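Trainee: Chain residues, written in single-letter form:
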Amino acid sequence: MKKKTSPNTEVQRLTVERLDKEAEVVRVESVPLSGKYTTEKFTKELAQKEIEELSWWDADSEKSEMYRIKELREKLGLREDEELSENMVFWIIKQSGKPLMVFHATQPARMLSKKLYTSLAERPKTIEE
Amino acid sequence: MKRNDNLRIHVINVGHGDSILVEFPDYTTGQQRKPRFGLVDGGGLDSEVKNKTLDYVNKFVRCRLEDDPSHAPSAEDFIFEFICLTHPHKDHLYGILPLLNAYCAQEIPVNHRPREFWDCGFRYNTVGYLGLLQYLRDHREVQFIRVTSGTEFHYDDVEVLVLAPSVDLRNRYDTYGVDLNDASIVLRLSRGNGVAVLTGDAHFDSWGKVCEEFPRKKHLTYPPVRIRDEETPDVRDPNHPAIVFLSKENQLNCQFLKIAHHGSKRGTSYEYIEKLSPSSFAITCDKDEWYESHQRSWVGKFPHPITRLIIGEQTDQFEVDDPRIPDIESLGDKIGTSNMNGTMIFTIKGNGNVVRKNLNDERNEMVDEARLGQAL
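Those sequence lines, one after another, are chains A and B.
So in the numbering used here, spot 54 of the first sequence is number 54, and the numbers just go up one at a time.
So in the numbering used here, spot 194 of the second sequence is number 194, and the numbers just go up one at a time.
Keep in mind the hints are simulated off the structure, nothing from the lab.
Among the hints, a few may not be true.
[Claimed, not checked] List of simulated lysine to aspartate or glutamate pairs, DMTMM-like, C-alpha gap at most 20 Å:
| # | chain 1 | residue 1 | chain 2 | residue 2 |
| --- | --- | --- | --- | --- |
| 1 | B | 50 | A | 58 |
| 2 | B | 50 | A | 65 |
| 3 | B | 265 | A | 24 |
| 4 | B | 50 | A | 60 |
Here the structure is a predicted model, which is why all the values come from computation and not from measurement.
Extracted from the complex, chain A is given alone in its bound form:
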């Protein structure tokens, strides 16, 4: 029988904004999944393809969060040999407020930023074109 995702499951996109090793703290941008998309659709279709769309995320509900580096590493379930750096992106699937699964999503995020950059670098088309 197909296991259904619990209704209190939520997805959060987390970007490491600023990592201060001296003060041992980290600032992250936290954005929830947009109400237009369901957690099921996200986990089963989109995340598996390792692509990212900006429309998934509810940018208006963005907030900054501060963590101790150790605390965030634990939250993300990083091993000791796994590095935590600025500009890294994670998708966290939470259930009842607790992380259920963490995807390291820096690569799809970089692909998206590259796509946007490339489109911006294109020469604007003239009317004749």
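Go by the hints and put chain B onto chain A.
Mentor: This is chain B only, laid out in the frame that chain A set:
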């Protein structure tokens, strides 16, 4: 319309964050004059200050234009030259979004829209920044430009030279080695002998590259050629063995400096302050209470004691016999901070003199339009 023949730097009080309006001398064609300006960063760290830059730009435009009772607004009234996002951290970025929404709206004449958007080229992965790129992709009338050190723009007699980021640093963005603050666009604005440097949040790596790429200029002088023992002073010999080098011109010398990274200890070092040798400073930081109430006291005081010490040394306020770290008040009127003076307007005269006017607004209150009008 009020006239402006000076380069003016409006440092808007957005608390912890940068939002700087650069006002160029009026664009003149025949009898017509138009205000001409650009924006460097937009502040917007939290909801209290997110719309402050937009409000300030609106009031600034109104104050500049409505002085003349016979004024009738037209599509040619002002020129919004550029928006420069020094780097995409939240305290520089988030105030730009409402501004773009307002000035690129369909009902706004094309001539009133920002002409260019300058970007540092660091592909940041936050939703806020990616959203901004998407917005610009959908509004192609705003030309997107990745600037790098050496890029020059000219607005009549004002030269805007990009000092950073260097190409060398930019080529390393793809690895995780470059701190985003070091990707900051640093601008040098000069008019006559008046020079202002706007630094974003540039740290030591960035300043190292700036000092390397903009050394003191060496000038060659060629001794005169003597022909048949007759002195011909107008003819110079470039192959003469006794070419003389004069190394006098310091390309980084400035009168006004927006201290990097809100006065943090990582944005200021004595070596580069000595090279820049500014006489007037601005620091964009919030009050101590704000840092304490927002759990940001871990970053230390703003401006950091080390920064105050360096500025004190530069402005001859620091005595070796009395080695106490100077507080901001004791540094005199050469240094303005947004947490004490509110929004500040610095006029950079062509002879190098700098005059400051304070609007004394709090971070969470909009600037008083009447007071702004008087200051312009």
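Trainee: Decide, hint by hint, whether the structure agrees.
Mentor: Going through the hints against the structure:
no., hint, result
1, B:50 <-> A:58, "holds (18 Å)"
2, B:50 <-> A:65, "holds (18 Å)"
3, B:265 <-> A:24, "holds (16 Å)"
4, B:50 <-> A:60, "holds (12 Å)"
Of the hints listed earlier, there is not a single one the structure fails to meet.
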